[in-house]
Amino acid sequence: MKKRSEVLYFTLRNKKLLIGSGIILFFLILALIGPTFTKYKPLEYASPRGAEPPSTHFWMGTTFFGQDVFSQFVNGLRATFVVGLLGGGLGTLVGMLIGFTAGYRGGIVDEILNAFTNIVLVIPTLAVLLIIAAYLQVRSLLMECLFIGLTAWPWVARAIRAQTFSLRTREFVDLAKLSGMKPLRIIRDEIAPNMMSYLVLVFILQFGGAILTAATLDFIGLGPTNTISLGLMMQYAVLWGALPFGMWWWFVPPGLAITAIVGALYSMNVGLDEIFNPKLREI
Amino acid sequence: MAFKVENLTVYYQTLRGDVRALEHASFQLVDGEIMGLAGESGCGKTTLGHSLIVLFPPMKYISGRVEVDGEEIPIWDAEGMNTHRFRKISLIPQYAMNAMNPIRKIGVMIRELLESRGVHYKDILPELKRRLDLVALPHEVLKMYPIELSGGMKQRMVMVISSLLNPSLLIADEITSALDVATQKAVAEMLVEFRDREFVKNLIVITHDISILYQIADSILIMYAGVLAEKAPTRSIIESPRHPYTRLLISALPEVGVRFAEKRLQGIPGNPPLLLNPPTGCRFRERCPLAYERCLEEPPFIEVERDHFVACWKEYENHAQAG
Amino acid sequence: MRRYLIRKMVIYALTFFLAVTIDWLIPRFMPGDPIRNMLTRVSVASNATAIQMMYDYYARLFGLDLPLWQQYLNFWKALFQGDLGISTYLFPTPVVDVLKRAVPYDVFLLVPAVLLGWYTGNKFGAFAARSKRLDNFVLPISYILTATPYMWLGILMAWFFGIVVGIFPIAGAYSFSLRPTWSVTFLLDLLHHWFLPFASLFIIEFGGWAIGMRNMIIYELEAEYSRYLNALGAPKSLVRKYAFDNAILPQITGLALKLGVIVAGALVTEVVFSYPGIGYLLLAAIQNQDYFLIQGCFLFIVLGVLIANFVIDLVYLVVDPRTRRGMVGESA
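Sequence order for the protein chains is A, B and C.
Mapping of the first sequence onto our numbering: position 114 corresponds to residue 114, and the numbering continues sequentially without gaps.
Basically our numbering = 1-based index in the second sequence + 283.
Basically our numbering = 1-based index in the third sequence + 606.
The hints are simulated quantities; they were obtained by calculation from the structure and are not laboratory data.
We put the beta carbon where it would ideally sit given N, CA and C, even for glycine.
Heads up, a few of these hints could be off.
[Unchecked claim] Estimated spans, in silico, between C-beta atoms of each pair:
1. Thr-655(C) - Arg-49(A): 46 to 54 Å
2. Pro-357(B) - Phe-743(C): 31 to 39 Å
3. Pro-421(B) - Tyr-678(C): 36 to 44 Å
4. Pro-421(B) - Leu-85(A): 40 to 48 Å
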């Protein structure tokens, strides 16, 4: 079997990957088209009666202020995906650049970048994020993505650096060098394909991690100030007495969605790992 | 017979079916015989070597019988084999350089290993030290961590460990592949020393480097695509090989002192067959210059001369004619 | 070995210096005016000149009228004297005292949760790695646990055990009706309030470590030294022991990183359960623009992280012979 069709064969049969992508797809579709089905805007005071459990009119009930939980939910889903994509993407990108440069060049460049990575790693990111976020009174979703990306990259850098090291010393790279290939071509033709699969795995983890971090930031009140998100829903719920009054429909769906999405991402990750690494495939 | 293998068949279980890595291998060794096991990559020599001591998944035992010192050993039974491992049959693995626990001092690791096999470390320590001297390792290595040793030193250390309990059969799997030529010679000679001092009764030396075997092996077994092709005393293999594959193999070796100014070094054209669905009959027939219709049927591995076994119809016919 | 230690110390010293500087810089460039903030809360004067006088007084008191570079040097000086200034949010309590009151709650909550979670998680992960049936059952659960946003788990637990079943309180470190004393009633009440936040932290820790250890053990069981032991007929117990000893090493560095992050991470727990720890304090300080409290909290967190990391580095030196011999592994 050719390499590409072999990958496809295993891709289509891997349960973890299929179930994971299925869940992600479900939520993605919900996030994309959901808001068009809502009668009310997320922060609009839809019901004068305040908090109500789910009904045929309000699919997920209403908040303490009479806002439509379903509307908040699907709009929050959008924010979640944006953060995952941009925040996770940025972290992956920065980490990849730094890790790859350090791993490929070695020597003094590696030492410097390594020290830098270590310092950033040691600093407790949440504390820094808290303080930076406190600087800016008005924050956008984009800024949150920026914070997350710029603080999550050290882990990626380390992993990519280790991977680059191991790839760099493999025989096929030496062969390429001996045959006089230009360094850029070596990177493109020999190293990059092997890194690709690894990068995909790393990105998926960063995606999930970004979502979790964003939810935490939003929950503490340091998330974006002009949009609704799943983390914010939970913050409001706790702030406005959802616990003692038992308004479970307000805080259960957002947390459930995040758990499902991130869990699906991890599942996809394990599945993809099995596909890319034949040793892990179960007979 | 010190060592006997009858019809050993071992497959690899894969998602696409069973890879027929080793098919009805049969051979015997007399006491003190050092047999080289040679062939191309993927010919089954490592499968044969390993199946004698430990069958890892996805390796699957299909059939066959193995006898050591007249006693059958149950290679299909992972638990049952444990009593024999290290004592009767031992292995110097291909990855000898990484075979020791990196976070244990070597002496401690040996002690823990021996104690777990019911041997008192203190009792065997003097012998251990003697063997270290034999392989030119200072006694201090016992207090060091594997990372402090060079590749060659680690190799020799593992050789000592594997042969410590004087096994009847010692399998050496590609132990010279990662070494420089001078160390290769030293290591090969140490193997012979082990046999001469009767630390081990039989040695199976797996390698793709026939020149080493020429130095130390009493006999050589050539394998091709999972079946045995030829087994004979070393001299016969090198000077008068009978199997077409062996002949091509030997002629493909560069000769010392001969210059090929105009001629290119000839390999054997073609590739060995994939063993997922091996061809019927003789597995070498597609590359064999002497192949004919009979080769569609698999030739038996028979003794055509004293101690000289071949699996080839041409040889079979010659032998039958000679009476 | 000396090279290793010196290198680490240099990095830590650098980070400390950087952190203190950033720590000092941050509040100065934050929007808002802490003194004005404090004054609006504390004073009753409506007279403009009176307010201005009080403002100048406090500005001098807090040293905010001095040029920036002098403030910076004063900060370092005060730091070595153990003086972190006076809180404006909780005026006139010195920052050090505010911190001192909050620290025990954090330690009480975090240390058992992380250590216990680490210990049991690792043991359990190792166990799951060798039993296929247990693994198939436990692995998905662990993955779901790590995918759960922490606050949601906390909220669910608070809701279920606190409201639905009603056996645990969901806010505060102790009942509002009690005063802190060394009485049994108080201690029991403390534990009662402590349990839910502790349990939620513990569960998350447990899940994470279990998965990590399981993966490490599986990796080590397939390592070449394991194969060699198997070939030589070593009993499974020895092979497992070696695999465990090798697998635990990266878990130890992981512990250091975790301890570092969790000092700030308990913040979420503290918000969900209204538990008065450092994180909660930092949040309040930010919301009230209390410069000195922010400085103090952040410094404390960074210091804690650096010390924890350094301790673990020392531990690693003892535990991994490769580091002692000067070979640095992937953890460099």
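Hint by hint, here is what the structure shows:
1. Distance hint check for Thr-655(C) and Arg-49(A): the Cβ-Cβ separation is about 52 Å, which falls inside the suggested range of 46 to 54 Å.
2. The hinted range of 31 to 39 Å is satisfied by Pro-357(B) and Phe-743(C), whose Cβ atoms lie roughly 33 Å apart.
3. Taking the beta carbon of each, Pro-421(B) and Tyr-678(C) are about 59 Å apart, not inside 36 to 44 Å as hinted.
4. Between Pro-421(B) and Leu-85(A) the C-beta distance comes to about 60 Å, which lies outside the given range of 40 to 48 Å.
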